Every structure is written in C-alpha cells, then in structure tokens.
Amino acid sequence: MKVTSRSLLMTGALAATTAIVLSGCATEPEAPQFEGSLTVWVDADRAGVLEEVAAQFEEERGVTVELVTKEFGAIRDDFITQAPTGNGPDIIVGAHDWLGKLVQNGVVAPLELGDKASEFQEVAISAMSYEGQTYGLPYSVENIAMIRNTALVSEQPETFDELLELGEAAGTEYSFLVGLDPNAADPYHLYPLQASFGAPVFEITADGTYDPTALALGNEGGEAFATALAEWGAAGVLNTNITGDIAREEFVAGKSPFFLTGPWNIPAISEAGIEYAIEPIPTAGGETASPFVGVQGFFISARSENTLAANEFLVNYIGTEAVQTALYEVGGRAPALLTAFDAAASNADVAAFGEVGANGNPMPNVPAMDVVWSDWGTTEVAIINGQGDPVELWRAMVESIQSKIDG
Amino acid sequence: MSIHPTASSVAAATATPPPAPPAPVRRIRQARSTRGLIMTIALLSILDAIAVFALFMLFLQEEWLLVGIVLAVTVLLNVIYLRPGWLPAKYLAPGLVFLAIFQIFVVVYSGYIAFTNYGDGRNGSKDDAIQTIVLTAQERVPDSPTYRLTVLEQFGEYFFLVTDPTGEVLLGSADQPLEPVGDFGTDSTGKADSVPGFTTLTFNDLLGNQRAITDLAVQLSDDPNDGALRTPDGSSAYLYLSSLEYDEATDTFVDRSGTVYRDGGDGAFVNDSGRELTPGWTINVGFDNFITAFTTENIRGPLISVTIWTFAFAILSVVTTFALGLFLAIVFNKPLMRGKKIYRIIMILPYAFPGFLSGLVWLGLLNQDFGYVNQVIFGGASIPWLTDPWLAKFSVLLVNLWLGFPYMFLICTGALQSIPEELTEAATVDGARPWAVFRLIKFPLLLVSVAPLLISSFAFNFNNFNIIYMLTGGGPRDVTAGVDAGATDILITLVYKVAFGEGTGRDYGLASAFAILIFLIVATVSIISFRQTKALEELN
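Going down the list, the protein sequences come from chains A and B.
Residue numbers for the first sequence, in this note's numbering: 1 to 407.
Residue numbers for the second sequence, in this note's numbering: 1 to 540.
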C-alpha cells in the first residue's frame, strides 16, 4: 500500500481520537468523600424556593442538589416508569393521593420522621401514611370550604337546606354554586355533602386510615345522598353544565351568595371586590360535612442510593419553618408544619380554610381510587340529570366499583 | 390532524422533477478536502467518545446485548465514514440509525410488552421487588424511643454508639448486639460521641458510605425478636421489627404469624388465601393479554357497537373533511379571484392550532347552558350537544371537520395546481361542461395523488384519541348499561379506559396487545385500499 499524506493524517487522527477517548476513562474516582448529587423532581412553582434551600444544603453539607423541573401532573407516572431502571430521581414532589400507586409499584421508600412527626398537622401525617408506614414529608394541606358573599347573605347557615333558603331569599340568579363537569360531575367537590350523610368512600378504621377492602359508598347514607342529589338536580341547585370556570365567573359577578370551592379561587374573588366569608360546609344529612383534604409533600425513591442525604435534606431542610413558609408564599397552600401554619394563619383566609380542613378526611390514597373516581362521577351526572332512579343508579355504581376492585 | 410524513409526500407528489442525480462518486472522492476529513474525524471522535462512555456504563450494568449492539453500530458507522466510497451508505446511515431507534425499536418493544404483564404493581425486576418488600417490611416498634446516635468505625466495620432516653450509652454492630460501654466521650448535649480506639464518623464521612450505614441493623439483644436499631439519617436510631422475613433458599417470605408467601407464578408473592405482597415484578405471560382482550366483558360487550362507530367516525371524518377541503380548494383555485392568499391563510388557521387545545375551546362553545353556540347562534336554546348520545356523535364529527378540512384543502390545492391546464382547455374545446370536466378529468387525476393521503387520514382518524378524549371523554355514558363504553368511545379510547382505568391500574401489557390488534385492523383496511388505488393509477 502506498503511503500517502492522506493516509498518514488518517492514522494520526485515529490515534488521537483513541487517546482522547481512553484518557476519558483514565480518571477513575478514588475519593473517599461523597461525590454524588441528589436529584430532585420538582414543579416550576416550587423550584424557586428549592433553589435557595438547595444552595444552603450544598454549602453546609457538601452535597449538590440537582433540581429537575417537570410538569406536576407528569411526575407520578414518569417516576413510576423511571425509578425501576435505577436512573430516576432521589426525591420527588407529589400529592398524597399518589401514594398508594407509588407503594403498589414499590418505588417509594418509607420515611421515619421520629419525634418530628408531632410538629406537623395530624391530617398531613395520616395522609402521608399507607398501611402503617409514613412515606413522605408533607409541606402543604388544602381543602374546600363554603364561600359566602356577605353582601348578599348576612347570616351563616347551619344546614344545607337553610343555605338554600337563604340563597333563595337573596333573590340572585343562583342560590348556590359549585363547579361540575357535564360528563364527570365532580365527586371531589360534592364529597362533603355526601360525607354529611355518613357515607365515606371506604370504611375508616380505628387509626384514622382507610380500609381499601371495605367500600362504604353503598351504605344507607350513600343512598340517601343519591336521593338528595336527584332532588337538587331537579330543583336546579346542581347543574352539570356549570363548570368550575363558569361557577367562578358567576360568583365573581355576584350572581350567587354561596360558592363551594377551594383557596385557588380566592384571589379572583377578592380581586373582584366581593366581600366574602370562608365557612364550614353546612351539613345536608346531619353529620359533619367533612371535605377531602389534599396534602402535598416530598417522597424519597426506593431506588435512591443517597437515602441518608435525601433524608437529611427533607427532614432538616424542607421540614423547617422558613422553607415551609416560603413554599406557602409561592403556592398559597397552607403549610403542613404547625409553626409555619400558625405564622401563615395571620392571613384570615388561610386560618378559615384550615379550620374547615380540621374536620376533613384525607382524600383516600389507595390505588383503587383510580377506579372509583370515574364511575362515581358518571353516576352523579346521571342522578343529577334525572336519568333513572337515584338509588338504583347508586347501587349499580357500587356494584361496578366493587367488581373492578376485586378484579 | 397533523401527519408529517404525509405532508412531505404531498410535497413529493406535487414537486417539480426530481433533483439532479448526485455527481459521480469518483469526483467526490477526489474533492474530499483535508478540511472535510478533519471535520469527519472531529464529529466521529465525539460520537465515539459518547459510544465509549455508553459502553462503559452498559458494561458496568452487565447489559451484554446492548453492549454488543452499541459496539457493532459504532464500528459500522466509523467504517462507513472513514472508508472511501460507499457513498449511499454515507447518506443513508444517519436516517437508518434514527429509523431504528425511533420506529423499529418502539414497535418491537411494544410487541414485546404485549407478551408481559408490565403495568402498575408489576413494573420492575424480581430482585428489586424483593429488595423493596424487605425495605418496607421494616416497621418501627410502636411507642419505642428515639436513640441518639453516633456512627463509629473500627477496622472497616461500622458501629452504632447510642444514647438511650435514660442516658445509658450502648455500643453494637452488625454481628454484635448492643452492650453498655463504660469509657466514652460526650458532646455538649450529653450525647455520647466517641469511644477510645474507634473513629467517629462525621456526616460527610457517612455520606460516602450511605448504603452501608442505612443497611446496618444492630440487634437490641441476642434475641432477634426484640428488634434491631437502624438509622435513616445517621444522627438518630429507631427500633425496628421486620414484619416479613425473606428466605432465599426457598424463595419465600414468612410473616410474623407464620404465613408463607410464595412466588405465585403471576409475578408476585402470594399466600394461600390469595393475598399478594406489593410490589410484584414483570414476567412473560405469553398470549394471556390477547386472551384477556377477547374475553374481558367490558370490551366484548360493547365491541360491535364501538367498532361500527369507530369505522363510521373514521370514514365520515375523511369524507366530510375531504369534501369541504376539495370544494374550498376548487373555489380558491379560480385564477380570477382576488385576495386568494389571505383567504387561504385564514383557511389554514384551524390546522395551526394544537388539536387538544381546539378540543377544549369547542368544549366551552358547545356547553348546553352557557356555550356560545346555544346562547348566540341558537338564541338561548338548550341543545345538549355533548350529553345526548346522537348529538355528541354529531358534535365530535363537526369539530373534527373543523379541525381536519384545512389539511384536505392544502393537499387538494396542491394536487389541483399540478393538473395541467391544457387538459381542461382541451376538454372545453371538445364541448365538455365544467361539471363534466371536473367529474371525468380533474377528479380522477386528483384521486391518483390524493388517495394514499385519504387512506392515511383514515388510519389517523381511526385512532384519533385526542379529539374524543378532549371533547367528550368517550361520553355520554349510559350508566345503566353496566359497561364503561360511552356513545362516542372509539376503539382506542375504550382500550385506554380498560387498560389504564380498571383493576390494578395501568396495564401496559394489555394496552400493547390491544394496540397490536388495532394495528392489524388498520393495516388490513389500508392494504386493501392501497390495492384499489393501484387499480386507479393503472386506469389513467
């Protein structure tokens, strides 16, 4: 073979490439110190606060925290898919009702809070528990309450019937508003009324957690609630065409004295100059109308190799009053840490919602809830719109849910 | 409706003659400059560096098959680009690699998933499942105290130095249960933090050995039933008892009451009464998913009506969008019309919006009591556009027409403009009326280039998940019918509901099996239609 300048260059270049590539492998880390980093999946709203505390953690503990911003709704499923590959994050931000699914997939590790558990709201800790183990560090709690337009109705109603009478007397277009969906109603918003008939989704055990094997929807209270739903639907109190957005607009326009909603609609209401009061939901069936409480928090991956650092970061950094308060300030959700909550309760709205939430039940976090929501919603639509006998529809729903849970 | 491959084939169908053939290979070889060579080598070294890194990581994870594939592809790419000649390979290689990664791999992988039970509760390996079960079985003994902890090290072994709430100081390790120590140092809070002869580990020392520290269990006493201390954070220890013990020899878990959980062959540990431990793991299940697909009551019951509606939806969507698109294309193709460009841009607008966004907007427009359509157009009528079974079907088609006609308008305009004007003129001279010109000359010529796109449009609408999911969610559902299928559910949305919304949650295995079955339907219809198109082409 004739040696040309081109083939010489080629050989030289190949050698150089090999050298570059091999030198990349040569620096084998031998340091005894921890050199890894914590990867945290967080949504855009919370990323700003975490950036500060991450910098502090890095400075004090020498561990880099890498924040990966993801869309909140995508975190659960991405985490379930990625964690088993060993390439998932160490920590994720999430909602407590994901917990059953996370545990079912074995991707989340228990978190021992020790004595620190007593520093959080009780409902937050019980929401973060599943089958006797605590899994997450809660940072916020939220729930719905009854918002009353004080300019239209000056008196706080004791019962739901009284509320309807007061609403009627106010002479507005609607006596009461709640956002529903034309195809799926909204079991979450209607739940307090259902609970006041004594019909939770699952039986609540002695330690305050749900027993996912014992469906309680089908008890007498549930059927009484179904009958009431049909009456409210016929009377026009509930209208499945009034979506969440429409309900807010109508309330802000002063067309209804009562609005069943959560803290997320308060900014729009106060901006519109409506005088409002945040009150407990009046009972419809005699018992306490407890709303669902949603808790958000942080979870550690069962596949994390950095559990010690992750634990330290959550318990001693995220679990501090300063960080919980900062998270409250960006998200507007009441803090889960008691001291931070007390500080935030100087805001009357937060205090009022918190008071209502004190009577709430955590939204069930068992995996079977996925099955429950869909049938529950479509049946409520059918009942509200009078498409059959309410009790029969309700019974058919319970049967369907039960058969799906049994598989 | 956005089908990029077909959009490019439109361009191909209407394009001017193919580009000039590439210059002869010989000339290019000579022209390959030193600069070009350096560029090639620079790019290849980047590629090789990435490949070597990937190989290194895969080697550590013992993924031998992937090591082989990455190695073979890298060598092949290097040979292709460093060897003179093989010009077609140089052009095709990147495309083929991406085709393999993004198309072939995905299809093969979905096919593989269809034969497994991969899904919620079955999403990892058996080893991972065992590890997680062992981890979550560690239950803190109720009302047990918090022990203040310092981790010590001696000759590479870790020790727990704990101060219990009464102030007693104890020392132990993995093989040695806790025993009182006499000689120790304390910090300012009274917590024991050193013992002569042992090294006290700082938090940063602990971080370097996290697994070892968090896995360490120090027994409280000689009796294992008293429980063991573990630490989640390196500064405090708690007393844990395991509710389940794994026996490697028999591959079983035994709980404290003596119940045995065996590998049930279904990818989970089960006891005799059928209770499963979570999580399970992924296993191959053969054709089980396909059998389930045909035997599940929720699919079988409404299958016929849903299949009919799916075909009706797909065919009607294609026919209506094509008819409107073609009509508008002809109208806007008149040479005398003014402001054609502006009208055309306006026509294409619905195509430019993302489909799911339009779905949400239409959802608001069609609201029974508050929607613009009822309030303004029908003067306050209360028409249940989306909640009446038949009207919902109509609304879905209407919205899909709105979304889909610009695409048809585009391709028809392109195809019309490529039909030579002479043909029309000749026909007119022969005395043909405009309708005859269109029916006998333009339309058949148009179909030759547009028919393949109509078939792909059918395939797209057959699986048009977005529009159904966003607009009606498959509803309205007849709750008394006892099935999950709603009036507007097409096969793909029904499959979504069954595979992702029932039983144990998301069942990717079942979903993949359904996807393969739907693919078979669409492929059959497409092949038959393409045969017909061929015949059409020969006619001309």
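By construction, these hints were calculated from the structure, which means they are not laboratory data.
Any given hint could turn out to be false.
To be verified - Over 10 Å on every C-beta distance to chain A, these chain B residues come out as not near it, computed from the model:
#, residue
1, V107
2, A129
3, Y158
4, P180
5, F203
6, L206
7, R211
8, I213
9, F370
10, L398
11, V479
12, I527
As the list claims (entries may be wrong) - 27 Å max Cα-Cα, derived DSS-like pairs, lysine-lysine:
#, chain 1, residue 1, chain 2, residue 2
13, B, K534, B, K393
14, B, K442, A, K70
15, B, K341, B, K442
16, B, K340, B, K497
17, B, K334, B, K191
18, B, K340, B, K191
19, B, K191, A, K116
20, B, K497, A, K404
Please read these numbers as outputs of a predicted model, since none were measured by experiment.
Heads up, the beta-carbon is just placed ideally off N, CA and C, and yes, glycines get one too.
- Would V479/B pass as off the interface with chain A, using Cβ distances and a cut of 10 Å? violated, 5 Å
Starting from K341/B, check that the Cα of K442/B is at most 27 Å away, please. Between K341/B and K442/B the Cα gap is close to 23 Å, so the pair holds against 27 Å.
Self-check item: Verdict on F203/B as a residue remote from chain A, using beta-carbon distances over 10 Å
Solution: Check fails; 7 Å does not lie beyond 10 Å.
query = Given the hint that K534/B pairs with K393/B, does the C-alpha gap stay at or below 27 Å?
reply = Outside the cut-off at roughly 33 Å; violated.
- Does the claim that V107/B lies off the interface hold, with its Cβ farther than 10 Å from every Cβ of chain A? The claim stands: V107/B keeps its Cβ more than 10 Å from every Cβ of chain A (closest is about 19 Å).
inquiry  = With the threshold set at 27 Å, check whether the alpha-carbon distance from K340/B to K497/B stays at or below it.
reply    = violated, 45 Å
Taking the minimum C-beta separation from A129/B to chain A, is that value above 10 Å? Given a closest Cβ separation of 6 Å, the condition is violated.
Point to revise | Distance restraint between K191/B and K116/A, which requires alpha-carbon spacing of 27 Å or less | key: Since the Cα atoms of K191/B and K116/A sit roughly 19 Å apart, the hinted pair holds (cutoff 27 Å).
message: Confirm or reject: L206/B is not an interface residue toward chain A, with every Cβ-Cβ distance exceeding 10 Å.
response: violated, 6 Å
Beyond 10 Å from each Cβ of chain A, as asserted for P180/B
Fine: 23 Å to the nearest Cβ keeps P180/B off the interface.
Note to self: Hinted pair, alpha-carbon criterion (27 Å max): K442/B, K70/A. Please report holds or violated.
What the structure shows: violated, 52 Å
| Once the closest CB in chain A is found, is it more than 10 Å from L398/B? | Per Cβ check, L398/B is outside 10 Å of chain A; nearest 17 Å; holds.
The structure does not agree with the numbered hints 2, 5, 6, 7, 8, 9, 11, 13, 14, 16, 17 and 18 stated previously, though it agrees with the rest.
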